[in-house]
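Protein chains: 4
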Amino acid sequence: MFNIAVIGASGYTGAQLVNLIVGHPQMTLKHVLVSENSADAGKTMAQVHGNLAHLSQYVLTPLNSDLLAELAATMDGIFLATPHEASHDWMEALSAGKAKVFDLSGAFRLKDTEVFAKHYGFAHTSVDCLDKAVYGLAEYQADALKSANIVAVPGCYPTASLLALKPLFNAGLLDTSMRPIINAVSGVSGAGRKASLTTSFYEVSLQAYGVLGHRHTPEIEAHLGTQVIFTPHLGNFKRGILATVTVKLKAGTTQSDLDSLYESVYADQPIVRLRESFPKVDDVAHTPFCDLHWKVDAESGYAVVASAIDNVMKGAASQAMQCANLALGLSATQGLIHGYE
Amino acid sequence: MFNIAVIGASGYTGAQLVNLIVGHPQMTLKHVLVSENSADAGKTMAQVHGNLAHLSQYVLTPLNSDLLAELAATMDGIFLATPHEASHDWMEALSAGKAKVFDLSGAFRLKDTEVFAKHYGFAHTSVDCLDKAVYGLAEYQADALKSANIVAVPGCYPTASLLALKPLFNAGLLDTSMRPIINAVSGVSGAGRKASLTTSFYEVSLQAYGVLGHRHTPEIEAHLGTQVIFTPHLGNFKRGILATVTVKLKAGTTQSDLDSLYESVYADQPIVRLRESFPKVDDVAHTPFCDLHWKVDAESGYAVVASAIDNVMKGAASQAMQCANLALGLSATQGLIHGYE
Amino acid sequence: MFNIAVIGASGYTGAQLVNLIVGHPQMTLKHVLVSENSADAGKTMAQVHGNLAHLSQYVLTPLNSDLLAELAATMDGIFLATPHEASHDWMEALSAGKAKVFDLSGAFRLKDTEVFAKHYGFAHTSVDCLDKAVYGLAEYQADALKSANIVAVPGCYPTASLLALKPLFNAGLLDTSMRPIINAVSGVSGAGRKASLTTSFYEVSLQAYGVLGHRHTPEIEAHLGTQVIFTPHLGNFKRGILATVTVKLKAGTTQSDLDSLYESVYADQPIVRLRESFPKVDDVAHTPFCDLHWKVDAESGYAVVASAIDNVMKGAASQAMQCANLALGLSATQGLIHGYE
Amino acid sequence: MFNIAVIGASGYTGAQLVNLIVGHPQMTLKHVLVSENSADAGKTMAQVHGNLAHLSQYVLTPLNSDLLAELAATMDGIFLATPHEASHDWMEALSAGKAKVFDLSGAFRLKDTEVFAKHYGFAHTSVDCLDKAVYGLAEYQADALKSANIVAVPGCYPTASLLALKPLFNAGLLDTSMRPIINAVSGVSGAGRKASLTTSFYEVSLQAYGVLGHRHTPEIEAHLGTQVIFTPHLGNFKRGILATVTVKLKAGTTQSDLDSLYESVYADQPIVRLRESFPKVDDVAHTPFCDLHWKVDAESGYAVVASAIDNVMKGAASQAMQCANLALGLSATQGLIHGYE
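Protein chains in written order, with the working numbering: chain U, 3 to 343; chain A, 3 to 343; chain C, 3 to 343; chain H, 3 to 343.
Simulated from the structure, these hints should not be mistaken for laboratory data.
Pairs involving identical chains hold if they fit within one copy or between any two copies, as the list cannot separate such chains.
Straight line, CA to CA, 30 Å or less: simulated DSSO-like cross-link-like pairs of lysine-lysine:
| id | residue 1 | residue 2 |
| --- | --- | --- |
| 1 | Lys45 | Lys196 |
| 2 | Lys168 | Lys297 |
| 3 | Lys252 | Lys297 |
| 4 | Lys45 | Lys100 |
| 5 | Lys120 | Lys252 |
| 6 | Lys113 | Lys134 |
| 7 | Lys148 | Lys168 |
| 8 | Lys297 | Lys113 |
| 9 | Lys134 | Lys120 |
| 10 | Lys297 | Lys120 |
| 11 | Lys148 | Lys32 |
| 12 | Lys120 | Lys168 |
| 13 | Lys148 | Lys113 |
| 14 | Lys32 | Lys196 |
| 15 | Lys134 | Lys32 |
| 16 | Lys100 | Lys113 |
| 17 | Lys297 | Lys196 |
Work the whole structure out from these sequences, hints included.
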C-alpha cells in the first residue's frame with residue numbers, strides 16, 4: 003500500500019482525488035490538507051463536501067513548512083490541488099524527499115518561463131523543478147511518467163484538445179494554412195469552489211470568455227507543436243467539457259484515414275473511447291473517460307473532431323491518478339475503471 | 003404619465019421593475035438609484051444587467067438624503083427594491099411628500115414589532131409608517147390600495163401560499179386539528195444578485211432550508227389568520243416558486259366545493275389562473291400570473307393545492323406594479339397582461 | 003387593426019407568435035389553426051400551452067382547403083409555423099389573395115431547388131412562390147419586405163450567423179484562405195414540441211449533431227455569399243442560441259476596424275445590441291434581441307464574433323413579426339420592444 | 003464468483019445494474035437481456051448507453067421462454083429491471099431454479115392483491131411468488147434477505163420515505179391525529195428511458211403529479227404501518243429524490259429524542275448517512291447513500307425530516323445490489339462503498 007496525501011482537499015478537485023484514493027486498492031489516504039489560513043481547516047471532509055458525508059474520519063489539516071518536509075519524507079505520493087502560486091512555492095520542498103508529486107495547478111506545465119509569466123502573472127523561480135517536471139498527458143507519456151518525480155498534470159481544456167489533435171498533428175495530416183479552431187464548453191466546476199457573482203446560479207448561461215487570450219492556449223500549443231485558436235465557454239452544467247475541434251486536412255485525407263489513425267493511436271488506451279457517434283458531455287461526467295468522434299468532409303478538406311471529458315476527472319483528478327499509477331509502478335487505470343484493472 | 007423612481011435597481015427585482023416601467027403605457031422612469039456605496043453606482047442598467055443591454059440611457063445614481071427628499075417631493079411612485087434595513091430607514095423621508103411608496107423588502111409586512119424584531123434581527127422604529135402601510139396582496143386589497151401611500155409588497159412565498167390558502171380559510175373550510183403544511187421550492191433568483199458559495203452554480207441542488215424558522219412563516223400566518231408549517235427549498239432553476247399546500251378540510255367538503263369556491267373568489271382576477279391540471283413553474287416564469295390547481299380526497303378529508311408564481315414577478319415586481327396601478331388609479335393589470343388592460 | 007391568423011399554433015413557435023400578436027397594438031388574432039389530423043384540434047391555446055393558460059378564448063381549428071382560400075381572402079397576415087412540406091404545399095393557395103404570408107419553415111429559403119431537394123428530401127414544385135419569396139433577415143431586407151407578399155423567415159442558426167458575418171463579408175474583410183467556422187449551441191425548443199428520445203430530459207446533454215451536413219449550412223452560404231463550416235450543437239437549456247464565429251481577417255484589420263464597422267452597420271437597428279462584452283444566452287432569452295460582441299487578435303489575424311439570440315424569438319417568431327410589421331407598413335419593432343415603438 | 007444476469011438492460015436502471023455488477027469483486031455478468039421485441043436487441047451496451055461506451059462486449063439478447071428456464075437453472079442471481087407485467091409473468095419460471103431473483107418493478111411489493119389490482123391495473127395471479135417475496139428495504143430486512151429467493155426491491159419514493167419515517171413510527175412517536183405528509187421531488191430518470199412529451203426537455207419543470215392517488219402511497223403505507231399523504235413532483239434534474247416529510251410528534255418529543263433515535267436505528271448502516279444539515283439531492287446523486295436530517299419544533303410539536311437518495315441507485319439498482327449481496331451471503335455494501343467492504 004502506498005501512502006498518499008492530498009493538499010487542497012477543500013476544493014472540488016481535491017474532493018474528487020480523495021474519493022478516488024479512498025477507493026483505490028493500493029493506496030492509503032494519510033493526510034488531507036488545506037492552506038494555513040483556510041476557513042475549512044479543522045473541518046472533516048464530510049462537513050465540507052456533502053457528497054463525501056461518509057468520510058468524517060478525514061480532518062482538513064492546515065499546511066505549514068514543517069509539514070511540507072514531513073510529507074516529502076514520508077509519503078509515496080502527494081497530490082497538489084492548489085493555486086498556481088502555492089504549487090510553485092511548495093514544489094521544491096515537497097519534491098525533496100521520496101514522495102512523487104502530482105501538481106494539478108498550472109505552475110509546471112509551461113517550460114518557457116516568459117510565456118509562463120505573461121499568462122500567470124508572476125515570474126517562475128522554481129526552475130529546477132520546472133526542468134524535471136513531466137507533462138502528464140497519460141496516454142502519451144507512459145514511459146516518462148514511470149520515472150517521474152514531479153508531474154505537471156495537464157489542464158482540463160488542453161487534455162480534451164490534445165487527445166483530439168495530437169494524432170492528426172503527429173501523423174502530419176494538418177493543413178497548416180489554417181490553425182486548428184478549438185471551441186470548448188466547460189461545466190462550472192472548472193471555476194473552482196468559491197463565491198463569485200460570475201459563477202452564481204442565476205448568472206451562469208452559455209458564454210464565451212478568455213477569447214483569444216486564455217492561458218490554456220500556450221499550453222495546448224506547447225504540447226501539440228503548432229498554434230491554435232482556442233475559445234473557451236462557460237456552460238450551464240456542473241461537470242464536463244466538450245471540445246469541438248475544426249481542422250483543415252492535407253488534400254486527399256479521407257474519413258477512413260482518420261478512422262484508422264485514431265484506432266491505431268488509441269488501440270491500447272482504455273481511457274480513450276472511440277465512439278460511433280458524437281459524444282455528449284454526460285456520457286463522460288463522473289467517469290475517467292475521454293470520448294472521441296470525428297467526421298471528414300472530403301470535398302472541402304475540413305474535419306470536425308469532438309472530444310468529451312469530465313473536467314474534474316480526466317481534466318484533473320483521474321488523470322492525476324493515471325499519472326500516479328504509472329509513477330508508482332501500477333497499471334495506469336488502477337482504481338479508475340472496473341474490470342480493466 | 004406618472005413619474006417613477008426605482009431604488010435598488012442593481013438587483014434582480016430592481017431590474018425587473020425597470021423593465022416593467024419602461025414598457026408601461028402610463029409611466030415614465032425618471033430615476034434608477036442604488037445605495038451610496040454600491041459598486042454599481044455610475045454604471046448604466048445596460049452594463050449591470052445583460053438582459054437590459056438596450057437600456058443604456060439609465061444611469062445608476064447613488065442615493066443620499068437630499069435625493070430622498072427630492073424623490074418624495076417630485077415622484078408619483080417610488081419602488082424600493084432594497085434591503086430591509088434600508089427600506090426601514092428611508093421610508094419616513096420617502097413617504098413625506100406626494101410620492102406613493104412601494105416597498106418590496108420585508109420591513110413593513112409585519113405589524114407586530116416583537117415578531118418583526120425576532121425574525122429580522124433589528125427593532126422597528128418607523129412605527130408611524132408601519133401603521134399606515136397596506137399589505138399589498140393585490141387580489142385581496144384593491145380598495146385599501148387605492149388610497150394607500152405606503153405599500154408593503156408581500157414576500158414571494160407568502161404570495162404563493164396566501165393565494166392558495168385564503169379562499170379555504172376565509173370560507174371556514176380548514177379543519178384546525180392540523181396546521182396547513184406548505185412545502186415550497188424557489189428558484190435561485192430569490193436569493194438576490196450577490197456572490198455566495200450557497201448560490202454558486204455547482205452548489206445549488208434541491209435542498210430544504212430555513213426549516214421551522216423562516217421569516218415568511220409569521221408573514222403568512224399574520225395575513226392568513228392561522229398558523230402554518232412552512233418549509234422552503236432552494237431549487238435548481240432561475241425563476242419561479244411552486245408551493246404545494248396540504249390541508250385537512252372540514253368533514254364533508256368535496257372537490258366540487260373547492261371548485262366552486264376558487265372560481266368564485268378569483269372570478270374577476272385575471273392574474274390568478276385556475277388551471278385544469280397541476281401547474282409547472284415554467285408556466286408562470288417571466289409572467290405576472292399565479293396558477294392554481296387543487297385536488298380533494300373526499301375519503302380522507304385531505305386536499306392538496308398547488309400554487310405557482312414567478313418569484314421575481316408576482317412574488318415581487320409585477321405584484322408591486324399591480325399595487326402601483328391601483329394606488330395611482332389605473333387598472334390593476336395595466337402594463338402586465340397584453341389584451342386585458 | 004390588421005387581421006391575423008397563425009397556422010401551426012400547437013408548436014412552440016406558434017405559441018410564441020400567438021403571444022406576440024395578442025400583445026401587438028395593431029393586430030387582431032382571428033384564427034389559430036393546426037393541421038387537419040392534429041391531436042390538439044379542438045383544444046384551446048390555454049389547454050395546449052401552460053404558459054398561455056389565460057388564452058382560453060382561442061380554439062385550435064383544423065385546417066382544410068376551404069379554410070386556406072378563406073384565410074387568403076380575408077386575412078391581412080398569415081404566419082405559417084408548420085413543417086416544410088405543409089408550407090410548401092399550402093403557399094400557393096394562401097398567397098393567392100390579399101394576405102401577406104410569413105413562412106417560418108425552410109420551404110422558401112433556398113432559391114436553388116437542387117440544393118433544396120438535397121437538404122430537405124423532396125422536390126420543390128412551388129416555383130412561382132419561391133421566386134416571389136423574400137428572405138426576411140429583417141435588418142438587411144427592410145425595403146424588399148415592404149412590398150413582399152411571401153416572406154421566408156430565416157432559420158434560427160442562419161439568423162445568428164448572418165448577423166455576425168454579413169458586416170465582415172460585405173465589407174470585404176474576410177481572408178478567403180479559410181472558411182468562417184461557425185460553432186453554435188441551441189436550446190432544446192429548436193427541436194420542436196414532440197416526443198422523442200433524443201430530446202428527452204435525461205438524454206439531453208451538450209453534443210454536436212448534423213456535423214458537416216446540416217441544412218442550415220447552404221442557407222447561411224446562400225445569404226452570406228461564401229462558404230462556411232457550420233457545426234450545430236444541442237445544449238441543455240430551453241431557449242436561445244449562441245453562435246461563436248471564428249474568421250481570418252484580411253491582413254492589417256484591427257479591433258477598431260471591426261468596432262467601427264459593426265457600429266456603422268447596426269446604428270439604426272434597435273434589435274441588434276452591440277455589447278461591451280461577450281453575451282450570454284440568457285441575456286436574450288425571451289427577448290427579440292440579437293447580441294453581438296467580437297475580438298480581433300491583430301497578431302494572428304484571427305477574430306472571434308459571438309452572436310446570441312432566442313431561437314424561438316429572433317430565430318423565429320419575433321423576426322417573423324419584424325417582417326410582418328414592415329410588410330404591413332408599421333415600424334419594424336412594433337409590439338416587440340417597449341419604449342422604441 | 004457469482005454468475006449474474008440482468009433482464010431489462012436497455013433502461014436506465016438496467017444500465018446502472020450492469021455498471022455495478024461489472025465493478026463488483028465477486029460477481030460475473032453473464033447475460034444482458036431485453037424483451038423479445040425490443041428495438042435494442044442485438045445492440046451492445048456501449049451502443050445503447052453512451053456512459054457505458056467501454057462495455058462493447060455485452061450484447062443485448064432478446065428473452066424467450068427457453069432462456070427463462072436456462073437462466074433460472076444456471077444463474078446465481080437475476081435482476082429484473084422490467085415492466086410490472088413482465089416481472090409478474092416471468093417470476094414463476096425465473097425463480098424455479100437455483101437463481102435468486104431481484105425484481106425492481108412494482109409487481110411483488112404489495113401483498114394485498116386487491117390494492118395491487120387497483121393501483122397497477124391488472125390482477126395478480128402469481129400468488130405463490132407473491133407469498134415468498136421479501137420486501138427488500140435492506141436496512142430493515144437483513145435477516146429475511148439472507149434466505150430470500152424472491153426479492154421485491156422497494157420503489158424509489160417508498161425507499162426515501164420509509165427510511166425517514168420508520169424510526170418514528172416504530173418508536174411510537176407519531177401523533178396519529180394527522181397523517182405524515184410526504185412531499186417528494188424526483189429527477190426525470192424516474193420516468194424511464196422512453197420518448198414522451200411529458201419528459202421532453204422543454205416540458206420538464208417542477209410540477210406535482212399523481213396527487214392523492216400515486217401507487218407508491220399504498221406501498222409506503224403497507225411497509226410503514228400507517229396511512230400517509232404522499233405528493234410526488236417531477237423536478238428539472240436527472241437523478242435523485244428529495245422527500246420532505248412533515249409529521250406531528252407525540253407531545254413532549256424533543257430534538258434530542260429524534261437525534262438519539264436516528265443515531266441508534268442507523269448506527270450500523272453505512273448506507274444511511276445522518277447529516278448535520280439538510281441534504282441536497284446532488285449530495286447523493288450517483289451514490290448508494292440515503293442522507294437524512296431532521297428538525298423538531300418543540301413548541302408546536304411538528305417535525306420535518308428530509309431524506310435524499312439517488313432514485314436510480316438507492317431507489318433501484320444499488321438497493322437491489324444490497325439485497326443481492328445479503329441474499330448471496332456477502333456484506334451488504336460489497337461493490338457499493340469504497341473502503342467499507
